[in-house]
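All chains should be built: construct the whole structure from the sequences, respecting the hints.
There are 2 protein chains.
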Amino acid sequence: MNGKEGGHIVQRFDAQLGSLKDLVLEMGRLVLQQVRDAAQALEEGDTGLARQVVHRDRDINTLDMKGQELCLELLATRQPVASDLRFVMAMSQAVNNLERAADETKKLGYVVSRVYGENDLQPIPSLFQDARHMAASAVELLEDALEAVEELDVDKAVAVVQGDEQLNEAFHAGLRRLATFLFEDPRNVRHVIEAVFVLKALERVGDHATNLAEFVIYAVKGKDVRYVKAEHLSSGFLDAG
Amino acid sequence: MNGKEGGHIVQRFDAQLGSLKDLVLEMGRLVLQQVRDAAQALEEGDTGLARQVVHRDRDINTLDMKGQELCLELLATRQPVASDLRFVMAMSQAVNNLERAADETKKLGYVVSRVYGENDLQPIPSLFQDARHMAASAVELLEDALEAVEELDVDKAVAVVQGDEQLNEAFHAGLRRLATFLFEDPRNVRHVIEAVFVLKALERVGDHATNLAEFVIYAVKGKDVRYVKAEHLSSGFLDAG
Numbered sequence: 010m011n012g013k014e015g016g017h018i019v020q021r022f023d024a025q026l027g028s029l030k031d032l033v034l035e036m037g038r039l040v041l042q043q044v045r046d047a048a049q050a051l052e053e054g055d056t057g058l059a060r061q062v063v064h065r066d067r068d069i070n071t072l073d074m075k076g077q078e079l080c081l082e083l084l085a086t087r088q089p090v091a092s093d094l095r096f097v098m099a100m101s102q103a104v105n106n107l108e109r110a111a112d113e114t115k116k117l118g119y120v121v122s123r124v125y126g127e128n129d130l131q132p133i134p135s136l137f138q139d140a141r142h143m144a145a146s147a148v149e150l151l152e153d154a155l156e157a158v159e160e161l162d163v164d165k166a167v168a169v170v171q172g173d174e175q176l177n178e179a180f181h182a183g184l185r186r187l188a189t190f191l192f193e194d195p196r197n198v199r200h201v202i203e204a205v206f207v208l209k210a211l212e213r214v215g216d217h218a219t220n221l222a223e224f225v226i227y228a229v230k231g232k233d234v235r236y237v238k239a240e241h242l243s244s245g246f247l248d249a250g
Numbered sequence: 010m011n012g013k014e015g016g017h018i019v020q021r022f023d024a025q026l027g028s029l030k031d032l033v034l035e036m037g038r039l040v041l042q043q044v045r046d047a048a049q050a051l052e053e054g055d056t057g058l059a060r061q062v063v064h065r066d067r068d069i070n071t072l073d074m075k076g077q078e079l080c081l082e083l084l085a086t087r088q089p090v091a092s093d094l095r096f097v098m099a100m101s102q103a104v105n106n107l108e109r110a111a112d113e114t115k116k117l118g119y120v121v122s123r124v125y126g127e128n129d130l131q132p133i134p135s136l137f138q139d140a141r142h143m144a145a146s147a148v149e150l151l152e153d154a155l156e157a158v159e160e161l162d163v164d165k166a167v168a169v170v171q172g173d174e175q176l177n178e179a180f181h182a183g184l185r186r187l188a189t190f191l192f193e194d195p196r197n198v199r200h201v202i203e204a205v206f207v208l209k210a211l212e213r214v215g216d217h218a219t220n221l222a223e224f225v226i227y228a229v230k231g232k233d234v235r236y237v238k239a240e241h242l243s244s245g246f247l248d249a250g
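In order, the protein sequences belong to chains V and F.
Going by the numbering used here, the letters in the first sequence line up with residues 10 to 250, in that order.
Going by the numbering used here, the letters in the second sequence line up with residues 10 to 250, in that order.
Incorrect hints may have been included.
The list makes no distinction among identical chains, and a pair is therefore deemed to hold if it is satisfied within one copy or across any two copies.
[Stated by the list, open to error] Below, computed lysine to any residue pairings styled on SDA-like, alpha-carbon distance capped at 20 Å:
| # | residue 1 | residue 2 |
| --- | --- | --- |
| 1 | K116 | K209 |
| 2 | K116 | R213 |
| 3 | K238 | Q171 |
| 4 | K232 | A182 |
| 5 | K30 | Q61 |
| 6 | K165 | H64 |
| 7 | K75 | A91 |
| 8 | K115 | D216 |
| 9 | K238 | L26 |
| 10 | K238 | M74 |
| 11 | K230 | E82 |
| 12 | K165 | R235 |
| 13 | K116 | D153 |
| 14 | K209 | Y119 |
No wet-lab data here; the hints were simulated from the structure.
All of these numbers come straight from a predicted model, not from anything done at the bench.
Spelled out as structure tokens, the structure:
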């Protein structure tokens, strides 16, 4: 933290940075719960839970606006520099990404409503088998990313970026399985399209977890690693000048 | 602009804000060209042009990093407040959205390569009829959004937000037509899926144009309108305290 000012002001500033982090973590926990509930709604065909997920997205939008306001206030009143400034910018981006991850869970909620709601579509739960594993991985990545935010832990952040590669592979494997299913019985096209939406949404949740992790690296190391390949994120690379 | 400091410093700060805007506009023009080229590649089945679109995405990523650095430098060295601070934050978000719009054009490039590249897929150009109209609308929205950025023109920005509603309707109409096509002949499933990707990517370009417009409104009016319905964006609403 910025140590150029007197102790009293620095303390208050630290408290403000802390409350920004708290907001991000609170928002993150809500989004995590949304992913878990959306996955459970899909697993159990629970349209009531799916509606709750869709409805709760408003709370996350409220936190998004609150987060952006808090960042702006911090920038305007505290005028941070160096690592404090990077931290505020990283948290602003983290808020943005959490909101977008939540949007993906809302999409999952809509799929559950369409597939298991009152209509003429006979659900085929076996199509969502890959989704189950992907949801578990997405939850884990997001948990780890939030831990990386909480502890500003670069090693954990790097592990998230690298872990997302596996989720991406699972996504493509899932798509291939769905295509096979479709070739065998093209009449199931609507079901397959819904399953594609599900896999895509979960893959995007992983992407947003990765973005969170990248912002942690940026905040701590001052390096913009968004366009660096995951396998190059060794600590040697991050510590090079 | 911030008028609290002496004339000399203010002038230099204005110049820096101006160069940030120039970077956003330069990036915007590149993205606009990417949308146009991707649409043309699709229209003409031109895989060479499609490859160029994919390749040029790197230049846009470079501008993304440059833009974020410039924002950070401005925040750190100039410590702007009020409308200047909002302007910098809005431009930071604009850069982020332009990069994401460019990512969509890259996806279009990949579709063209898959559909018209060397493989066993016999292209069905009629499937891309809706894409032509949607591409024209997306280009127009992005042009108008960039004009709104250039002139910090709230009315133009509001028109973009409202115009995007029509693009969203065109997207859903296009999806319905593709579904009909699929029901008539399920063997074309791969073509239809590619066409869905195309419509989705164009719809997303419109969303990013809308985001740019929303950041203009935010920079000028200080109001976060991301969660306000388009029809409520009358100037009366925006001028209310």
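Here is how each hint holds up against the structure:
In this homomeric assembly, K116 and K209 come within 20 Å of each other (Cα to Cα) both inside a single copy, at 10 Å, and across copies, at 14 Å. In this homomeric assembly, K116 and R213 come within 20 Å of each other (Cα to Cα) both inside a single copy, at 11 Å, and across copies, at 15 Å. Proximity of K238 to Q171 under the C-alpha cut-off of 20 Å is restricted to the intra-copy arrangement: shortest distance 9 Å within a copy versus 38 Å between copies. When the C-alpha separation of K232 and A182 is checked against a cutoff of 20 Å, the pair qualifies neither within a copy, at 32 Å, nor between copies, at 44 Å.
Proximity of K30 to Q61 under the C-alpha cut-off of 20 Å is found in neither arrangement, the shortest distances being 26 Å within a copy and 41 Å between copies. In this homomeric assembly, K165 and H64 never come within 20 Å of each other (Cα to Cα): the closest approach is 32 Å inside a single copy and 32 Å across copies. Taking CA atoms no more than 20 Å apart as the test, K75 paired with A91 passes between copies only; the shortest distance there is 17 Å, against 24 Å inside one copy. For the homomeric pair K115 and D216, the shortest alpha-carbon distances inside one copy (16 Å) and between copies (17 Å) are both at most 20 Å.
Taking CA atoms no more than 20 Å apart as the test, K238 paired with L26 passes in neither setting, with 30 Å inside one copy and 32 Å between copies. Only between protomers do K238 and M74 lie at most 20 Å apart by alpha-carbon distance; the minimum there is 15 Å, versus 32 Å within a single protomer. Proximity of K230 to E82 under the C-alpha cut-off of 20 Å is restricted to the inter-copy arrangement: shortest distance 16 Å between copies versus 24 Å within a copy. In this assembly of identical chains, K165 and R235 lie within 20 Å of each other by CA distance solely inside one copy; the values are 16 Å within and 32 Å between copies.
Taking the shortest alpha-carbon separations for K116 and D153, neither the intra-copy value of 23 Å nor the inter-copy value of 29 Å comes in at or below 20 Å. With identical chains, the CA atoms of K209 and Y119 are at most 20 Å apart both within one copy (14 Å) and between copies (17 Å).
Consistency note: the structure conflicts with the earlier hints numbered 4, 5, 6, 9 and 13.
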